[in-house]
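In order, the protein sequences belong to chains A and B.
In terms of UniProt numbering, the first sequence opens at residue 1 and continues consecutively.
In terms of UniProt numbering, the second sequence opens at residue 1 and continues consecutively.
Be a bit skeptical, because a hint or two may be false.
No copy is singled out in the list; a pair is fine if it fits within one copy or between any two copies.
[As the list claims (entries may be wrong)] Okay, derived cross-link-like pairs now, DMTMM-like style, lysine to aspartate or glutamate, Cα gap no bigger than 25 Å in a straight line:
id : residue 1 : residue 2
1  : Lys196    : Asp415
2  : Lys196    : Glu186
3  : Lys383    : Asp136
4  : Lys163    : Glu12
5  : Lys98     : Asp334
6  : Lys217    : Glu337
7  : Lys414    : Glu427
8  : Lys110    : Glu94
9  : Lys217    : Glu242
10 : Lys98     : Glu185
11 : Lys98     : Glu337
Honestly, the hints are just simulated from the structure, not real lab data.
There are 2 protein chains.
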Amino acid sequence: MTRPTPLSGFPEWLPGQRVAEQQVLDRLRRTFELYGFASLETRAVEPLDQLLRKGETSKEVYTLRRLQAGEGEDELALGLHFDLTVPFARYVLENAGKLQFPFRRYQIQKVWRGEKPQAGRYREFLQADIDIVDRDTLPPHYEAEIPLVIGDALRSLPIPPVKIMVNNRKLCEGFYRGLGLEDPEEILRIVDKLDKIGPNAVAQMIVSAGGTEAQAKACLALAEIRAGDASFADAVRALGVEHPLLDEGVAELAAVVETAREHSPGLVEATLKIARGLDYYTGTVYETELVGFEQYGSVCSGGRYDNLASAGKDVFPGVGISIGVSRLLGLLFDAGELSVSRPTPTAVLVALWSEQERAASNRIAANLRARGIATEVAPVPAKLGKQIRYAERRGIPYVWFPASASAEGGDQVKDIRSGEQVAASSEGWIPPAEDMGPRLQ
Amino acid sequence: MTRPTPLSGFPEWLPGQRVAEQQVLDRLRRTFELYGFASLETRAVEPLDQLLRKGETSKEVYTLRRLQAGEGEDELALGLHFDLTVPFARYVLENAGKLQFPFRRYQIQKVWRGEKPQAGRYREFLQADIDIVDRDTLPPHYEAEIPLVIGDALRSLPIPPVKIMVNNRKLCEGFYRGLGLEDPEEILRIVDKLDKIGPNAVAQMIVSAGGTEAQAKACLALAEIRAGDASFADAVRALGVEHPLLDEGVAELAAVVETAREHSPGLVEATLKIARGLDYYTGTVYETELVGFEQYGSVCSGGRYDNLASAGKDVFPGVGISIGVSRLLGLLFDAGELSVSRPTPTAVLVALWSEQERAASNRIAANLRARGIATEVAPVPAKLGKQIRYAERRGIPYVWFPASASAEGGDQVKDIRSGEQVAASSEGWIPPAEDMGPRLQ
Numbered sequence: 001m002t003r004p005t006p007l008s009g010f011p012e013w014l015p016g017q018r019v020a021e022q023q024v025l026d027r028l029r030r031t032f033e034l035y036g037f038a039s040l041e042t043r044a045v046e047p048l049d050q051l052l053r054k055g056e057t058s059k060e061v062y063t064l065r066r067l068q069a070g071e072g073e074d075e076l077a078l079g080l081h082f083d084l085t086v087p088f089a090r091y092v093l094e095n096a097g098k099l100q101f102p103f104r105r106y107q108i109q110k111v112w113r114g115e116k117p118q119a120g121r122y123r124e125f126l127q128a129d130i131d132i133v134d135r136d137t138l139p140p141h142y143e144a145e146i147p148l149v150i151g152d153a154l155r156s157l158p159i160p161p162v163k164i165m166v167n168n169r170k171l172c173e174g175f176y177r178g179l180g181l182e183d184p185e186e187i188l189r190i191v192d193k194l195d196k197i198g199p200n201a202v203a204q205m206i207v208s209a210g211g212t213e214a215q216a217k218a219c220l221a222l223a224e225i226r227a228g229d230a231s232f233a234d235a236v237r238a239l240g241v242e243h244p245l246l247d248e249g250v251a252e253l254a255a256v257v258e259t260a261r262e263h264s265p266g267l268v269e270a271t272l273k274i275a276r277g278l279d280y281y282t283g284t285v286y287e288t289e290l291v292g293f294e295q296y297g298s299v300c301s302g303g304r305y306d307n308l309a310s311a312g313k314d315v316f317p318g319v320g321i322s323i324g325v326s327r328l329l330g331l332l333f334d335a336g337e338l339s340v341s342r343p344t345p346t347a348v349l350v351a352l353w354s355e356q357e358r359a360a361s362n363r364i365a366a367n368l369r370a371r372g373i374a375t376e377v378a379p380v381p382a383k384l385g386k387q388i389r390y391a392e393r394r395g396i397p398y399v400w401f402p403a404s405a406s407a408e409g410g411d412q413v414k415d416i417r418s419g420e421q422v423a424a425s426s427e428g429w430i431p432p433a434e435d436m437g438p439r440l441q
Numbered sequence: 001m002t003r004p005t006p007l008s009g010f011p012e013w014l015p016g017q018r019v020a021e022q023q024v025l026d027r028l029r030r031t032f033e034l035y036g037f038a039s040l041e042t043r044a045v046e047p048l049d050q051l052l053r054k055g056e057t058s059k060e061v062y063t064l065r066r067l068q069a070g071e072g073e074d075e076l077a078l079g080l081h082f083d084l085t086v087p088f089a090r091y092v093l094e095n096a097g098k099l100q101f102p103f104r105r106y107q108i109q110k111v112w113r114g115e116k117p118q119a120g121r122y123r124e125f126l127q128a129d130i131d132i133v134d135r136d137t138l139p140p141h142y143e144a145e146i147p148l149v150i151g152d153a154l155r156s157l158p159i160p161p162v163k164i165m166v167n168n169r170k171l172c173e174g175f176y177r178g179l180g181l182e183d184p185e186e187i188l189r190i191v192d193k194l195d196k197i198g199p200n201a202v203a204q205m206i207v208s209a210g211g212t213e214a215q216a217k218a219c220l221a222l223a224e225i226r227a228g229d230a231s232f233a234d235a236v237r238a239l240g241v242e243h244p245l246l247d248e249g250v251a252e253l254a255a256v257v258e259t260a261r262e263h264s265p266g267l268v269e270a271t272l273k274i275a276r277g278l279d280y281y282t283g284t285v286y287e288t289e290l291v292g293f294e295q296y297g298s299v300c301s302g303g304r305y306d307n308l309a310s311a312g313k314d315v316f317p318g319v320g321i322s323i324g325v326s327r328l329l330g331l332l333f334d335a336g337e338l339s340v341s342r343p344t345p346t347a348v349l350v351a352l353w354s355e356q357e358r359a360a361s362n363r364i365a366a367n368l369r370a371r372g373i374a375t376e377v378a379p380v381p382a383k384l385g386k387q388i389r390y391a392e393r394r395g396i397p398y399v400w401f402p403a404s405a406s407a408e409g410g411d412q413v414k415d416i417r418s419g420e421q422v423a424a425s426s427e428g429w430i431p432p433a434e435d436m437g438p439r440l441q
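Looking at chain A on its own, in the form it has when it is part of the complex (with noise of 0.2 Å):
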């Protein structure tokens, strides 16, 4: 065999970044349940024609075939997921009698998308998404409670300072009706294009889709504002537009914002721009930038749908959210914002006189395991120096010397980034709480 090399799109971390994923998820995790989330996985598969459903996504799909399914057979033809929130749609749709609405999951699972590959974005990547949905009707509270979530999760992470971008689309369409436009959903597709194409090509684009020119700059005018709290409001009445739909949008939008300004202040900001492609979002949109990092785009956004879930006269409601998790990593990674302390669990190393006393150190690993203690027993005999290279090169910060049949006195450990080596019993001892295991940083 040759030696492989990697897939362009499918990323996989070495293994101190994978401990800097996995703290990020254990965290990511802790908030979610603190909120009373629950953990769901879905299946990595669906029905093809369910996958399709979107027309706009389908040339992403990946679709599946074993490998000697005969010419004959007729299999329901599948898809790997390319998001986590149809396939929780219809996991809702389908469990809905065993579930208790309104219902909180979060999910974090790979997703694939046959994308072309490049810089942050990725053919196969991790999200973790957090979703709340009820039966017929779904309180407006739930789009303010949502950035809470993902204020505090992103916060008890050591990476820098995000801000979430709040809109509501009942806000943009019924600015665009009482404006007398007629298409708002193609309006808001055009707006979502503001920071590709730029103001003049957006006011073109309106008046190509037969808007007029005062049309074009009022919509200009809407996507300008942006506010923390709920001053945007009198900016957008500064309009002059009226639309019952718009002042619903208004109100819903300025207790999200206010909600969040108690919460964390400077957290969440109503910006009026973002659109978000996604034709299921009916309420409150978000995106999430990094501060510092805003060419990077959104980390992290979902909005409220009421039209996804839904088989015959039931329907389920929801609002969501969705962080990048692999995208967002790829780029701390990158510009060094994120790193670990070490990267194995492994806080001691047992060292071995002789093959004859494995059986010694082994039991004084498994005491140091019985209260909590990674450890590792070294794997061959060697010199001492030797054996206190392998604890280095791995970053292991004790070594362990068990009192030797040949020599005085009992069991000592050693700190070797101190160099200080103090007698310790393996029943007793224990080691500083931020040597337990590794630490994001």
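With chain A's structure known, arrange chain B on it following the hints.
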């Protein structure tokens, strides 16, 4: 959309089952890390030619295709991995220059096999693997360490006791060669069928493969040997066969059994009928039975391999074992042997007197969360009985009553299981440890 139905072979857990799975995985991870295994994940896909190196498994592989791949596009053929050992061997070769050897990792991921689904056999399932690989040579004491880790890991779960059955390929091969049989691999594959087809059929097959009746009888006599200590070696020697490889295998197996006996009496048994069908094992092999559920077969299997990872002159021998997590959980859930105290992380529901007082209830929830208490706020200011039923239906043990502007006194908290209600401050109250989160039972 019509209500979706489950996909045969692709199991999905309900929320309570998922909490149980998660807690099982937490405990496995904890034990693996105590032994110094670092977490690793590999991508879900491998080049198809890698997956098909072992011809036997080719029929199980799912291949991938981008739905919109053009006819002319000559992309690398990819398939989903069917185990975690083949991808790990590839990862080690690919990253050898960046890893420290001996390298110990655990890997908990889904794998996919396109087999016909049946009871306990899935098309998508979760495995938890540990492996230790070294460069050039791997000392045999690692083969003795693996059962200790698995024993600790599985005994940390509230499930029936396990028995790890071990054998050694060198022992079998040496015995068959010492008997004068010339294709020991073929004999091993025949003996592997013993439990399925019985001793008479095995003897017939050995004779058909060119063996004599006496040789067949000796092979069966070897396969009958079982012992929880090194006394199995006497039983082997009593069969009167001699070969240097046999001696080596007996010594290695004796070390595995005796190391385990010191650590956990009764956990490991030399069981000389264990063969493991896969060709790549070269030393110790493991299978694991749940006591009382022997008919379900092995829930945890593996062995030593010397030739799985090599590129040019670099060789990386290893030893590993794999817990079939989905299979084990499916079996335990079906038998009612494993469940969880509640299907949600939430310990406290904060009641809501009116929508206007939501900010006050949110503040109480934030206070409780700050001390690690998972808390939800009631979805709507319904009648108190309805709010309590919300908690009851989810197994949330406590309901918090905020001091109301309209009533006397301060906050109170009620244990809805006992009915006991006490005055409490959200800045100091803490529930008993056993109520903090769901418990495996």
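Are the CA atoms of Lys217 and Glu242 at most 25 Å apart within a copy, between copies, both, or neither?
-> within (16 Å within a copy, 94 Å between copies)
Since the copies are identical, ignore which copy is meant and state whether Lys383 and Asp136 lie within 25 Å (CA to CA) inside a copy, between copies, both or neither.
-> between (71 Å within a copy, 20 Å between copies)
25 Å Cα cut-off: does Lys110 pair with Glu94 within a copy, between copies, both or neither?
-> both (21 Å within a copy, 22 Å between copies)
Up to 25 Å between alpha-carbons, please classify Lys414 paired with Glu427: within, between, both or neither.
-> Within one copy only: 16 Å inside, 42 Å across.
Under a CA distance limit of 25 Å, which applies to Lys98 and Glu185: within one copy, between copies, both, or neither?
-> Neither. Shortest intra-copy (36 Å) and inter-copy (50 Å) distances fail the 25 Å Cα cut-off.
What label fits Lys196 with Asp415 when the C-alpha limit is 25 Å: within, between, both, or neither?
-> neither (54 Å within a copy, 55 Å between copies)
Lys98 and Glu337: within-copy, between-copy, both or neither at 25 Å Cα | between (43 Å within a copy, 21 Å between copies)
Is it within, between, both, or neither for Lys163 and Glu12, if the alpha carbons may be no more than 25 Å apart?
-> neither (28 Å within a copy, 35 Å between copies)
25 Å Cα threshold - placement of Glu186 relative to Lys196 = So Lys196 and Glu186 pass the 25 Å test inside one copy only (17 Å; across, 65 Å).
What label fits Lys98 with Asp334 when the C-alpha limit is 25 Å: within, between, both, or neither?
-> between (44 Å within a copy, 17 Å between copies)
Intra- versus inter-subunit Cα pairing at 25 Å for Lys217 with Glu337 = neither (41 Å within a copy, 66 Å between copies)
Checked against the numbered hints listed earlier, the structure breaks hints 1, 4, 6, 10; every other hint is satisfied.
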